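Engineer: Listed below, chain by chain, are the residues.
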Amino acid sequence: MFYYIIDILGTIAFAISGVYAAMSKKLDPFGVFIIAFVTATGGGTIRDVIIGKTPVFWLINYTYMYVIVGAVIFAILFRKQLRYLRTSLFLFDTIGIGLYTVVGVEKGIEAGLHPFMCVVLGTITACFGGVVRDILCNEIPVIFEGREIYATACIAGGVSYFLFNELPIKSDIIFAAPIVIVIVIRLLAVRYKLALPAIENKDKR
Amino acid sequence: MFYYIIDILGTIAFAISGVYAAMSKKLDPFGVFIIAFVTATGGGTIRDVIIGKTPVFWLINYTYMYVIVGAVIFAILFRKQLRYLRTSLFLFDTIGIGLYTVVGVEKGIEAGLHPFMCVVLGTITACFGGVVRDILCNEIPVIFEGREIYATACIAGGVSYFLFNELPIKSDIIFAAPIVIVIVIRLLAVRYKLALPAIENKDKR
Amino acid sequence: MFYYIIDILGTIAFAISGVYAAMSKKLDPFGVFIIAFVTATGGGTIRDVIIGKTPVFWLINYTYMYVIVGAVIFAILFRKQLRYLRTSLFLFDTIGIGLYTVVGVEKGIEAGLHPFMCVVLGTITACFGGVVRDILCNEIPVIFEGREIYATACIAGGVSYFLFNELPIKSDIIFAAPIVIVIVIRLLAVRYKLALPAIENKDKR
Numbered sequence: 002m003f004y005y006i007i008d009i010l011g012t013i014a015f016a017i018s019g020v021y022a023a024m025s026k027k028l029d030p031f032g033v034f035i036i037a038f039v040t041a042t043g044g045g046t047i048r049d050v051i052i053g054k055t056p057v058f059w060l061i062n063y064t065y066m067y068v069i070v071g072a073v074i075f076a077i078l079f080r081k082q083l084r085y086l087r088t089s090l091f092l093f094d095t096i097g098i099g100l101y102t103v104v105g106v107e108k109g110i111e112a113g114l115h116p117f118m119c120v121v122l123g124t125i126t127a128c129f130g131g132v133v134r135d136i137l138c139n140e141i142p143v144i145f146e147g148r149e150i151y152a153t154a155c156i157a158g159g160v161s162y163f164l165f166n167e168l169p170i171k172s173d174i175i176f177a178a179p180i181v182i183v184i185v186i187r188l189l190a191v192r193y194k195l196a197l198p199a200i201e202n203k204d205k206r
Numbered sequence: 002m003f004y005y006i007i008d009i010l011g012t013i014a015f016a017i018s019g020v021y022a023a024m025s026k027k028l029d030p031f032g033v034f035i036i037a038f039v040t041a042t043g044g045g046t047i048r049d050v051i052i053g054k055t056p057v058f059w060l061i062n063y064t065y066m067y068v069i070v071g072a073v074i075f076a077i078l079f080r081k082q083l084r085y086l087r088t089s090l091f092l093f094d095t096i097g098i099g100l101y102t103v104v105g106v107e108k109g110i111e112a113g114l115h116p117f118m119c120v121v122l123g124t125i126t127a128c129f130g131g132v133v134r135d136i137l138c139n140e141i142p143v144i145f146e147g148r149e150i151y152a153t154a155c156i157a158g159g160v161s162y163f164l165f166n167e168l169p170i171k172s173d174i175i176f177a178a179p180i181v182i183v184i185v186i187r188l189l190a191v192r193y194k195l196a197l198p199a200i201e202n203k204d205k206r
Numbered sequence: 002m003f004y005y006i007i008d009i010l011g012t013i014a015f016a017i018s019g020v021y022a023a024m025s026k027k028l029d030p031f032g033v034f035i036i037a038f039v040t041a042t043g044g045g046t047i048r049d050v051i052i053g054k055t056p057v058f059w060l061i062n063y064t065y066m067y068v069i070v071g072a073v074i075f076a077i078l079f080r081k082q083l084r085y086l087r088t089s090l091f092l093f094d095t096i097g098i099g100l101y102t103v104v105g106v107e108k109g110i111e112a113g114l115h116p117f118m119c120v121v122l123g124t125i126t127a128c129f130g131g132v133v134r135d136i137l138c139n140e141i142p143v144i145f146e147g148r149e150i151y152a153t154a155c156i157a158g159g160v161s162y163f164l165f166n167e168l169p170i171k172s173d174i175i176f177a178a179p180i181v182i183v184i185v186i187r188l189l190a191v192r193y194k195l196a197l198p199a200i201e202n203k204d205k206r
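Chain order of the listed sequences is A, B and C. For the first sequence, the numbering used here begins at 2 and goes up steadily by one. For the second sequence, the numbering used here begins at 2 and goes up steadily by one. For the third sequence, the numbering used here begins at 2 and goes up steadily by one.
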């Protein structure tokens with residue numbers, strides 16, 4: 002029940018970040034909805050497709066569609082007030098990527114994949130919704146530009162899942178602890194403005 | 002047989018719209034063909050992949066490949082005369098999205114999905130070829146910009162499929178009527194210049 | 002063993018071409034790695050997904066991940082020296098697309114597809130990694146612009162596979178000869194600056 006609520010809050014935060022991106026491009030309501038939808042479901046869709054778990058999750062579990070439709074309508078109606086929710090949305094988003102990472106890792110384990118690949122799947126689940134959003138909006142994906150420790154936090158969370166799994170602790174904690182680690186890393190990175198440096202080839206051009 | 006002809010005409014119209022888009026970017030013949038191919042098959046490919054119906058339709062049914070190769074060669078050779086066909090192509094395209102919507106809905110029913118998800122699949126089938134075309138051409142997808150009632154017509158057509166299904170009418174009509182509805186809505190929208198308004202956040206920037 | 006080495010060299014060359022593209026966009030290390038990874042694996046991933054061969058190849062065979070991680074670290078550390086390797090990398094890349102074409106063709110045959118579709122799969126395997134790389138970097142895919150005979154070489158190689166298959170020769174040669182054909186066509190095209198002309202519609206605008 003607790004994780005269900007986190008999942009819903011994460012989906013809402015992701016969908017609203019899609020609405021923001023779409024509004025800055027002056028899209029129509031249908032375009033806004035599509036961008037919100039792919040932002041919230043894109044990572045899990047790619048995960049399900051590459052491991053062959055079809056129909057993909059949101060075709061089977063209708064909750065996501067209802068939640069996203071509701072979030073988009075809410076975000077469009079109250080778009081002027083959304084900035085007051087900025088901190089809440091950032092927190093939902095951060096909690097959401099933590100949960101999505103662990104969900105992706107567990108889907109990888111279910112599919113019988115190597116731990117390394119499970120971490121990759123978790124990171125894809127958490128990060129690729131935003132990548133598809135940025136591609137549809139004709140931007141270079143923001144997570145590639147190093148302004149936020151985003152993927153790095155997911156990778157650390159995914160790796161910690163397997164470390165905790167080695168310890169004699171309860172499965173609830175193995176599930177929850179990596180989420181906390183993702184959240185803490187991201188909050189610290191934003192608080193102290195940590196970012197990965199851009200790599201460029203000064204020698205060229 | 003009748004629907005088969007519609008399918009071919011729709012595929013031709015979609016492929017030629019891809020050729021147009023590719024020519025405006027000055028691509029080489031191979032690039033033109035790829036753009037035409039993804040425009041005509043992209044929506045159905047995404048549909049087949051997310052419901053897990055693989056190999057995807059055009060790998061099994063070679064007709065699409067032949068039709069698209071023919072349409073591309075025709076469109077490249079007669080590119081100066083194509084504007085005289087503009088009205089015909091618009092009609093083929095409109096009939097095509099109507100048919101694609103219903104085909105997508107029925108594939109969703111076959112896969113055992115909820116009616117709501119079937120409508121989503123129908124809309125994806127009809128609309129996402131154009132979305133992939135625009136992404137490959139490095140443009141924001143045109144259907145997101147509200148210049149045409151495109152997705153809205155597909156959604157209405159898909160919903161009407163299930164409404165007609167409740168009525169005591171023949172399956173032929175349940176198949177045909179939603180196609181007519183998609184066509185009528187789109188023709189009316191273009192005739193009376195109906196469009197969805199852009200949503201933007203004037204408060205920001 | 003011989004083909005295994007070619008596969009590794011091709012993967013390295015593809016990954017490094019991704020690192021180059023990412024560095025010109027000043028991405029962070031994670032972005033560089035993702036671009037390198039999709040460049041090296043994107044074609045095969047699309048192939049596996051559309052024929053329904055999941056989990057996709059790199060989720061099962063970890064070698065690709067290790068090789069790409071190694072190639073990215075190498076390319077980032079020695080980015081100033083990479084230009085001295087330009088010719089080697091071009092050769093690896095050319096050998097790689099030859100091999101990828103034949104691997105794709107054989108996967109299509111395994112999946113029971115028509116020879117025409119097998120050639121298409123081979124071309125997708127060899128070319129679409131670069132297409133996804135360019136989309137993620139917000140560029141029009143370079144292979145669409147006709148500056149290099151790239152896809153054309155793959156198509157010729159794929160077709161030759163089925164022609165050799167008709168001849169009374171050993172399966173080793175049926176596998177190797179098309180690779181040589183792809184390589185020779187591409188080298189000749191680059192040597193003599195052969196390119197397909199852009200198709201545009203001067204009549205319009």
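Honestly, the hints are just simulated from the structure, not real lab data. The reader is advised that the hints may include incorrect statements.
Put simply, identical chains are the same to the list, so a pair is met inside one copy or across any two.
To be verified - Quick list of in silico lysine-lysine cross-link-like pairs, DSS-like style, CA-CA up to 25 Å:
| id | residue 1 | residue 2 |
| --- | --- | --- |
| 1 | 171 | 108 |
| 2 | 81 | 26 |
| 3 | 27 | 81 |
| 4 | 108 | 54 |
| 5 | 27 | 54 |
Nothing here was measured: the structure is a model prediction, and the numbers come from that model.
Engineer: How would you label the pair residue 81, residue 26 (within, between, both, or neither) given a Cα cut-off of 25 Å?
Structural biologist: within (16 Å within a copy, 33 Å between copies)
Engineer: Classify it for me, residue 171 with residue 108: is the Cα-Cα distance of at most 25 Å met within a copy, between copies, both or neither?
Structural biologist: Classified as within: same-chain Cα gap 19 Å, cross-chain 43 Å, threshold 25 Å.
Engineer: At most 25 Å between alpha carbons: which applies to residue 27 and residue 54, within, between, both or neither?
Structural biologist: Neither: 35 Å inside a chain and 35 Å across chains, both beyond 25 Å.
Engineer: I want to check one pair: residue 27 and residue 81. Are their C-alpha atoms no more than 25 Å apart within a copy, between two copies, both, or neither?
Structural biologist: within (15 Å within a copy, 34 Å between copies)
Engineer: Should residue 108 paired with residue 54 be assigned to within, between, both, or neither, using CA atoms and 25 Å as the limit?
Structural biologist: both (9 Å within a copy, 18 Å between copies)
Checked against the numbered hints above, the structure violates only hint 5.
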